[in-house]
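K.L.:
If you want the building blocks of each chain, they are given just below.
There are 4 protein chains.
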Amino acid sequence: MTNRNVSVQPAAGRAVEDQEVEIVERKGLGHPDSICDGIAETVSQALAQTYLDRVGKVLHYNTDETQLVAGNAAPAFGGGEVQEPIYLLIVGRATKEYEGTKIPAETIALEAARDYLEANFPHLDVGTDVIVDVRLGEGSGDLQEVFGEEGSVPMANDTSYGVGHAPLSETEQIVLNVERRLNGEYSDDNPAVGQDIKVMGKREGDRIDVTVAAAAVDAHVGGLDEYREVVAGVREFVGEVAGEYTDREVTVHVNTADDYDEGAIYLTTTGTSAEQGDDGSVGRGNRANGLITPNRPMSMEATSGKNPVNHIGKIYNLLSTEIAQSVVAEVDGIRQLQIRLLSQIGSPIDEPHVADATLITEDGVSVADIESEVVAAIDEELANVTDVTRRVIDGELSTF
Amino acid sequence: MTNRNVSVQPAAGRAVEDQEVEIVERKGLGHPDSICDGIAETVSQALAQTYLDRVGKVLHYNTDETQLVAGNAAPAFGGGEVQEPIYLLIVGRATKEYEGTKIPAETIALEAARDYLEANFPHLDVGTDVIVDVRLGEGSGDLQEVFGEEGSVPMANDTSYGVGHAPLSETEQIVLNVERRLNGEYSDDNPAVGQDIKVMGKREGDRIDVTVAAAAVDAHVGGLDEYREVVAGVREFVGEVAGEYTDREVTVHVNTADDYDEGAIYLTTTGTSAEQGDDGSVGRGNRANGLITPNRPMSMEATSGKNPVNHIGKIYNLLSTEIAQSVVAEVDGIRQLQIRLLSQIGSPIDEPHVADATLITEDGVSVADIESEVVAAIDEELANVTDVTRRVIDGELSTF
Amino acid sequence: MTNRNVSVQPAAGRAVEDQEVEIVERKGLGHPDSICDGIAETVSQALAQTYLDRVGKVLHYNTDETQLVAGNAAPAFGGGEVQEPIYLLIVGRATKEYEGTKIPAETIALEAARDYLEANFPHLDVGTDVIVDVRLGEGSGDLQEVFGEEGSVPMANDTSYGVGHAPLSETEQIVLNVERRLNGEYSDDNPAVGQDIKVMGKREGDRIDVTVAAAAVDAHVGGLDEYREVVAGVREFVGEVAGEYTDREVTVHVNTADDYDEGAIYLTTTGTSAEQGDDGSVGRGNRANGLITPNRPMSMEATSGKNPVNHIGKIYNLLSTEIAQSVVAEVDGIRQLQIRLLSQIGSPIDEPHVADATLITEDGVSVADIESEVVAAIDEELANVTDVTRRVIDGELSTF
Amino acid sequence: MTNRNVSVQPAAGRAVEDQEVEIVERKGLGHPDSICDGIAETVSQALAQTYLDRVGKVLHYNTDETQLVAGNAAPAFGGGEVQEPIYLLIVGRATKEYEGTKIPAETIALEAARDYLEANFPHLDVGTDVIVDVRLGEGSGDLQEVFGEEGSVPMANDTSYGVGHAPLSETEQIVLNVERRLNGEYSDDNPAVGQDIKVMGKREGDRIDVTVAAAAVDAHVGGLDEYREVVAGVREFVGEVAGEYTDREVTVHVNTADDYDEGAIYLTTTGTSAEQGDDGSVGRGNRANGLITPNRPMSMEATSGKNPVNHIGKIYNLLSTEIAQSVVAEVDGIRQLQIRLLSQIGSPIDEPHVADATLITEDGVSVADIESEVVAAIDEELANVTDVTRRVIDGELSTF
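Chains as they are written, first to last, in numbering that gives the first Met the number 0: chain A, 0 to 399; chain B, 0 to 399; chain C, 0 to 399; chain D, 0 to 399.
A pair holds if it fits inside one copy or across any two, identical chains being indistinguishable in the list.
In silico lysine to aspartate or glutamate, EDC-like type, Cα no more than 20 Å apart, as pairs: (1) K201 <-> D246; (2) K95 <-> E137; (3) K201 <-> D17; (4) K101 <-> E137; (5) K201 <-> E16; (6) K101 <-> D52.
Please keep in mind that the hints were generated in silico from the structure rather than gathered at the bench.
Kindly generate the complete structure, drawing on both the sequences and the hints.
P.N.:
Printed below as a string of structure tokens:
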């Protein structure tokens with residue numbers, strides 16, 4: 000039988016939900032760091048898919064280093080303009096030839112990036128508002144071997160670890176969903192709301208402050224009054240969304256840095272602060288679960304853009320979150336679950352060196368009561384580790 | 000009365016048409032040097048028009064330095080691909096702010112370049128096959144003054160000269176029109192013919208060799224037989240076009256570097272050799288009249304991209320050709336006319352330091368017979384010097 | 000009296016030193032991520048000092064985004080060569096003009112980067128092995144205000160937090176000092192050891208594995224036998240260093256990925272893997288205390304390159320570590336101390352919203368026994384918050 | 000016997016020396032276009048030498064496309080500074096691997112460029128005042144064959160031509176030597192004179208105007224009075240130099256665009272206008288003989304940076320000048336000689352399609368008198384065509 004090294008233990012201390020102060024942050028889709036995460040990951044997907052299509056397996060690559068240099072813009076009510084373009088440099092490694100088959104890694108990367116930007120940033124004119132450049136070198140010799148053969152589980156090539164948790168606290172749910180729904184249903188109906196939305200949740204006891212910085216899009220805002228309406232609309236919507244996830248008292252703050260008297264408002268031409276003064280890069284923002292959670296252990300790993308076949312840090316960060324969610328869904332009585340996976344160099348990645356589950360149970364349930372269920376659920380998830388790779392390539396798993 | 004300093008003199012030696020050996024060359028629309036010329040000039044037009052629209056006059060700028068770094072491609076019958084993108088760097092100077100009005104010079108340049116490429120290169124996917132980057136700095140302080148005020152004639156700020164001639168020799172007409180019509184009517188009907196067409200005409204006595212290098216577009220060429228047909232089609236068309244301009248014996252050579260046995264043919268994915276190995280820059284190819292004519296005096300001036308309001312080298316090169324054509328059209332008995340304009344620093348550009356016409360008359364006509372007509376015609380053209388500026392901005396005058 | 004909001008509480012759970020598994024990592028001076036951290040921070044220091052020298056206060060800037068694109072090298076015993084240069088792009092924002100005084104931010108950045116590379120990388124030829132490029136834009140308008148006036152404490156402009164701890168665990172001490180001393184005294188005497196040294200410490204119970212990946216410098220390694228000696232020398236030295244910090248059983252592994260039979264060894268020309276295949280960027284490696292410590296809470300903040308006057312995340316991360324060290328040095332009976340600082344937008348940064356100390360005391364000491372001492376020590380450190388800024392500018396505090 | 004196709008004929012019209020108006024221009028060493036020419040050629044030499052050293056023959060390369068983007072500077076009496084660096088992009092093609100031997104083309108290029116700048120531009124700090132970047136791709140497949148085998152004469156691979164003349168007219172001698180000696184002996188003793196020196200000579204009848212624009216170096220100029228002295232010193236020196244080459248009346252103008260009242264003077268920090276506003280590229284300035292001579296036929300060929308083994312345009316332009324000088328030195332009675340070489344595709348380059356000498360003889364000498372001597376002299380030079388290649392690689396022949 001496979002040795003998964005799964006261990007289960009009670010957590011010391013209080014559940015995050017019970018701690019006095021909780022801070023949660025999410026950099027939305029249009030934040031410069033998230034733009035880089037998104038491009039790095041979309042380029043990764045395109046390369047992986049191309050390798051599969053052309054040579055039947057994923058070759059060595061790594062595209063986790065996109066750099067964004069902010070532009071310069073002059074937003075104006077009714078429609079301003081970008082004056083100096085954003086500069087976006089896609090950086091990484093890729094195999095460009097394999098047994099006689101050429102892989103046009105750089106043009107694939109450019110196309111993926113362009114498609115991503117056009118699909119997600121309706122107010123950004125790719126090619127004039129943003130220059131997309133690329134530098135994909137060859138990897139170091141000893142890593143250019145092939146991996147990802149059908150049916151096999153890759154070996155861990157590094158000591159790396161991943162950490163995930165479930166369920167999300169109320170504040171986490173609010174922060175995550177406020178951004179997603181603002182950047183989804185809400186902006187569909189309200190084009191005046193741009194993609195650069197940063198959400199900070201701070202809970203002190205039973206009071207939750209949700210602070211949203213949302214870029215307004217100048218072409219859809221005729222004047223200061225309309226801008227006020229945009230802000231008010233966001234505030235109301237955020238309040239409603241938050242109410243779906245908590246009974247606590249919620250206060251919503253939107254664009255608190257505005258100073259109407261000085262005409263200082265969060266107005267943009269493109270919907271992102273990358274147009275003016277905010278640089279960005281990969282791995283500097285959200286963790287693999289979409290959040291920054293100082294109250295929880297986090298991995299430093301930049302997940303976006305990494306090769307999902309054998310980059311153990313990427314796989315274990317995504318997998319640990321998947322496992323946590325799955326276990327909580329299947330096993331009753333869990334109030335807080337944290338999964339940590341530690342790789343063993345040279346062993347198959349479905350056999351981690353350590354796979355520990357740290358639990359806080361609900362009242363009336365002991366860890367012993369559910370330990371075997373938890374172990375079984377984890378074991379099952381680990382057995383399907385290559386599913387994570389497939390889902391990443393298919394774009395089903397978000398990395399930021 | 001205005002002092003134009005016009006002088007007329009007979010040419011020494013034989014007319015080009017009568018010389019034993021004549022060489023004429025044209026780098027077509029899709030040659031890497033011409034791509035740079037075209038982008039430099041289209042960016043210049045866009046900037047000039049923007050200045051006119053926003054501040055009522057053309058401000059200081061100069062965009063005559065586009066650099067193209069070739070890509071890497073794998074053309075293949077039926078459709079290949081670009082593997083490493085072409086890199087295009089637009090370089091120059093531009094005024095970005097004038098009395099409080101901001102001019103987004105870099106985004107204007109990017110947009111103009113993209114539009115130009117998309118309009119002229121149907122097989123080139125802008126954004127994936129080619130990266131367009133831009134570096135437009137501010138000019139040196141003492142040149143940032145404004146020029147181009149309504150109604151005034153600018154002063155020459157440099158000692159510069161221009162040279163033009165008319166009429167074109169038969170070989171010149173053939174070279175110019177072969178390229179233009181291949182890149183016009185012919186490629187409209189024959190998408191297998193790309194934009195990178197280089198034409199060399201060599202006349203020895205009464206024998207003219209027209210050598211054409213024409214890039215084929217792989218998506219429209221199914222195999223070697225089809226490629227042969229493409230070449231044969233071009234050869235036939237070129238022969239027909241040449242026949243319209245001469246009664247001399249014409250031999251047409253197309254893609255002479257091909258070696259069918261070794262599979263070495265001129266096949267491209269994008270229609271230009273910039274995709275693989277041929278770099279380019281501004282001012283390295285055709286002169287302002289569209290030709291390279293070693294048998295004639297030529298100016299070194301890179302005309303494309305220069306400011307058409309006060310860049311005396313650009314204006315005088317275009318104007319000298321315009322004058323030559325106009326004089327030949329209006330005055331009978333001219334077999335060959337060369338116009339040379341030399342500026343006088345500090346004087347209005349319609350008052351050149353030297354404006355000399357060097358003539359070869361037809362049999363039975365003496366220079367004295369037509370001298371006064373020629374002077375009058377030149378004088379009239381010089382009086383309308385600012386027309387050249389307007390027509391350049393409107394894109395009516397080609398610069399390469 | 001100033002309100003510091005200091006709270007002291009006992010930690011839940013076991014001290015890190017007592018946990019079953021502990022992982023600690025340090026990316027050494029020459030790791031591509033650390034190269035970026037180092038350049039970002041040295042550029043920051045140079046800019047801050049220039050602002051002080053020229054206008055008497057630090058103006059707005061942020062240079063926390065250096066991107067490194069790996070080169071290509073052919074190391075060889077006795078001396079190989081770099082074939083494609085490393086490309087290093089310094090990215091950020093800087094004020095370039097203030098009340099008529101110009102600040103040449105980009106040339107300052109280039110000079111600082113060059114000096115840093117030359118001082119720290121004796122085997123890297125700046126200008127041929129590495130291209131240093133720079134793109135420093137202006138910041139967003141509402142941030143270009145001046146800060147850092149003499150004597151004042153800046154206001155927090157963001158909700159940010161920092162976390163630090165003391166004392167270091169044995170494993171942490173080993174990891175930190177192994178790298179520092181290899182890159183210090185050891186490489187001074189052993190030029191065959193390059194700057195790219197990565198150290199991973201893994202403690203399971205009382206067994207500590209120290210895994211070192213150390214780039215050898217080809218010019219100083221004549222052959223495989225000499226390489227083996229280099230590796231053996233490092234192993235011995237690391238064992239000695241480790242022994243100074245623990246009585247636990249230590250096993251040292253050096254360059255475990257080597258395969259002598261296949262000739263796969265960790266040989267470099269420049270002393271860093273950036274020469275071949277390893278890209279890097281700021282904030283992706285060590286935290287502000289020089290370590291990556293999954294067993295401890297960590298901040299996501301990229302500390303290097305940030306403005307040390309008002310960037311609250313940078314200040315609080317450095318300060319929390321400083322406080323923890325200072326308190327542990329001054330107050331007896333502390334086994335483990337974690338300091339967390341949370342800013343209050345709009346309040347002076349010496350008055351954090353939350354400043355909590357989480358303690359594990361030594362046997363026989365209760366939190367209550369030392370609480371007032373701890374509070375007083377923290378309070379004193381907070382009062383001197385601007386010292387952190389000064390020391391950062393002077394280069395006295397390391398940020399990675 | 001080898002067929003050189005040499006023909007000799009009398010020139011129609013007057014010698015340039017006898018024409019009413021003559022214009023001659025030279026862009027000095029530090030002109031942005033000349034900087035690019037110089038770097039392109041020095042990179043070419045370094046690559047050629049490396050190929051010879053490593054594989055015994057020169058492989059395919061072409062580095063004739065350096066692009067310079069001007070910086071931004073704030074010169075000031077006593078010493079100013081560069082505020083935004085000059086950006087220099089070396090562009091071209093190079094063979095990077097040949098039968099297992101790797102050629103580090105990009106690092107060779109960077110090193111050659113750095114050495115060249117440091118040797119020639121004492122006031123320019125390479126690495127901070129100027130960023131040197133490089134993009135050397137592989138050439139197109141069918142050109143990657145090897146050439147330059149010992150003892151063989153390469154075949155012409157293109158229809159190309161070169162043109163040269165001798166002796167230089169007085170005005171040409173003045174323009175050429177004024178710049179060379181200002182940038183030689185004079186600036187050695189006068190560090191206040193920078194490298195960017197542009198010389199324009201205009202002769203009308205027997206009056207010669209020499210107009211010099213010479214960048215002053217601010218660190219060596221304490222104030223306006225010293226600047227005036229610098230200008231006066233240059234004027235005097237130029238007058239003396241000019242007097243060595245002519246008995247005609249010479250008027251010298253130095254820095255005529257200066258306006259002392261407005262403080263507009265030609266002061267620089269680095270000795271070149273590239274620091275502020277003047278971009279540059281290869282092949283836009285001097286022809287292969289170091290001059291721009293509108294009164295003479297000129298080739299459009301950008302000579303600098305081209306491969307001297309088989310690039311027929313480069314070889315023939317250098318060779319035609321060499322031949323003209325050699326013939327004039329050996330054969331008495333020649334007042335003006337122009338040599339034109341036209342290649343024959345597929346024939347050895349020492350057997351041009353056309354090699355014609357156009358002569359104006361001195362009084363009392365007829366073309367017939369010296370024709371056989373001229374033919375013999377040309378024939379001998381053609382026989383030694385590969386000498387040109389060797390001398391170019393050794394840096395003995397200037398290309399601009």
